[in-house]
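Novice: Here's the letter readout for the chains.
2 protein chains.
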Amino acid sequence: MTTVAEDRLTAAFAALADPTRRAIVSRLARGDASVTELAAPFAMSLPGISKHLKVLERSGLISRRRDAQFRPCHLEAGVLDGALDWITTNRRLWDERFDKLDTLLADLQRAPAASAKGRRRG
Amino acid sequence: MTTVAEDRLTAAFAALADPTRRAIVSRLARGDASVTELAAPFAMSLPGISKHLKVLERSGLISRRRDAQFRPCHLEAGVLDGALDWITTNRRLWDERFDKLDTLLADLQRAPAASAKGRRRG
Numbered sequence: 408m409t410t411v412a413e414d415r416l417t418a419a420f421a422a423l424a425d426p427t428r429r430a431i432v433s434r435l436a437r438g439d440a441s442v443t444e445l446a447a448p449f450a451m452s453l454p455g456i457s458k459h460l461k462v463l464e465r466s467g468l469i470s471r472r473r474d475a476q477f478r479p480c481h482l483e484a485g486v487l488d489g490a491l492d493w494i495t496t497n498r499r500l501w502d503e504r505f506d507k508l509d510t511l512l513a514d515l516q517r518a519p520a521a522s523a524k525g526r527r528r529g
Numbered sequence: 408m409t410t411v412a413e414d415r416l417t418a419a420f421a422a423l424a425d426p427t428r429r430a431i432v433s434r435l436a437r438g439d440a441s442v443t444e445l446a447a448p449f450a451m452s453l454p455g456i457s458k459h460l461k462v463l464e465r466s467g468l469i470s471r472r473r474d475a476q477f478r479p480c481h482l483e484a485g486v487l488d489g490a491l492d493w494i495t496t497n498r499r500l501w502d503e504r505f506d507k508l509d510t511l512l513a514d515l516q517r518a519p520a521a522s523a524k525g526r527r528r529g
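So the protein lines, in turn, are chains A and B. For the first sequence, our numbering assigns the number 408 to the initial residue and increments by one for each residue that follows. For the second sequence, our numbering assigns the number 408 to the initial residue and increments by one for each residue that follows.
Bear in mind the hints are in silico, worked out from the structure with no lab data behind them. We put the beta carbon where it would ideally sit given N, CA and C, even for glycine. Check each hint, because a few of them may be wrong.
One-sided and incomplete, this derived list gives chain A residues near chain B with beta-carbon spacing under 8 angstroms [what the hints assert, rightly or not]:
| no. | residue |
| --- | --- |
| 1 | Glu413 |
| 2 | Pro426 |
| 3 | Val432 |
| 4 | Arg437 |
| 5 | Ala440 |
| 6 | Thr443 |
| 7 | Ala484 |
| 8 | Leu491 |
| 9 | Arg504 |
Part of the chain A face toward chain B, derived, beta carbon under 7 angstroms [to be verified]:
| no. | residue |
| --- | --- |
| 10 | Thr417 |
| 11 | Ala421 |
| 12 | Ala424 |
| 13 | Ala436 |
| 14 | Leu487 |
| 15 | Ile494 |
| 16 | Asn497 |
| 17 | Arg498 |
| 18 | Trp501 |
| 19 | Leu511 |
| 20 | Leu515 |
Bound conformation, chain A alone:
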C-alpha cells in the first residue's frame, strides 16, 4: 500500500475514533446537513462541533461546498469504503485461517481410511 493510501486510512480511522464524530457521520449518511442541524442533538457549542467537523473534513470523510452561503456538510462515502475494505480484507484472512485448518483436519481424517484400504488391497 502506498504511503498516501496509508495516510488516508490513518486519518479516516482517527476521525472515527470519537463518538460525536461518528454520530455526525451517521447523521450525514441519511443526508446532507448544515452545521446548526448537526449541532442540534449535542450539548455542545457551535465552535465545539466545528472542531469535530474540521477533523472530519481533513480526513476526507466529509466535504463542504465553498461557494454557497448555506454550506451543507456532505458525507464522502468513498473514504468510508477505504476503511471498510481494510477491515473486510483482514477479517477474511482470519476466516481463511480456519478454512485451511478445516481442510487439513478433513485430509487427516481421510488419510488413515485411504491407507487402510491400500493395505487391504495389497
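Position chain B against the provided structure of chain A, taking the given hints into account.
Specialist: The following block gives chain B in isolation, referenced to the frame of chain A:
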C-alpha cells in the same frame, strides 16, 4: 448504543489509526505470533513495538496468554467485527438514500404516463 459499546468502538478505531498497528493486525490475521516475530518487519525497537501492542491490547483487538512463557499475540476478531458492523450500517444508510431517490424518480416518471392514459380513457 450503550456507552461501553461506544468506548469499545472508539478504542478499536483509535488502535487502527496507525500504520504499524494495522500491519501488526494484518500479520495476526494470518496467525498468532510472538513479539519478536511481530517486530521483525519493522525498523523499530522491541520497546517501540511493545508500546503499540499495549494500545492494541487495551482496545481488545489483540490478547496475550498470561500463563505461557512464550506469550504469542492473538487477534480478537470480534472487536474487528464491531468496527466492521458500524461502518457497514452507515454505508448501507448512505446507499438507501440513493435507493429511495431512484424509487421517487421512477414514481415521478410513471405518474405522467398513468395520468395520460387516464385522460385517453375519459
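Novice: Are the hints correct? Go through all of them and say.
Specialist: Now the hints, each set against the structure:
1. Glu413: holds, 5 angstroms
2. Pro426: Where the cut-off is 8 angstroms and the nearest Cβ of chain B is about 5 angstroms from proline 426 of chain A, the hint holds.
3. Val432: holds, 6 angstroms
4. Arg437: This hint holds: arginine 437 of chain A lies near chain B, its Cβ roughly 6 angstroms from the closest one there, short of 8 angstroms.
5. Ala440: violated, 12 angstroms
6. Thr443: With a minimum Cβ separation of about 21 angstroms from chain B (threshold 8 angstroms), the hint on threonine 443 of chain A is violated.
7. Ala484: holds, 5 angstroms
8. Leu491: Where the cut-off is 8 angstroms and the nearest Cβ of chain B is about 5 angstroms from leucine 491 of chain A, the hint holds.
9. Arg504: holds, 6 angstroms
10. Thr417: Holds, because the Cβ-Cβ distance from threonine 417 of chain A to chain B comes to roughly 5 angstroms (cut-off 7 angstroms).
11. Ala421: Nearest chain B Cβ about 4 angstroms off; hint holds.
12. Ala424: holds, 4 angstroms
13. Ala436: holds, 4 angstroms
14. Leu487: holds, 6 angstroms
15. Ile494: Status holds, d = 5 angstroms.
16. Asn497: Holds - the Cβ of asparagine 497 of chain A comes within 7 angstroms of chain B, reaching about 5 angstroms at its closest.
17. Arg498: Hint holds; arginine 498 of chain A Cβ to chain B Cβ min 6 angstroms, cut 7 angstroms.
18. Trp501: holds, 5 angstroms
19. Leu511: Violated. Min distance 13 angstroms.
20. Leu515: violated, 18 angstroms
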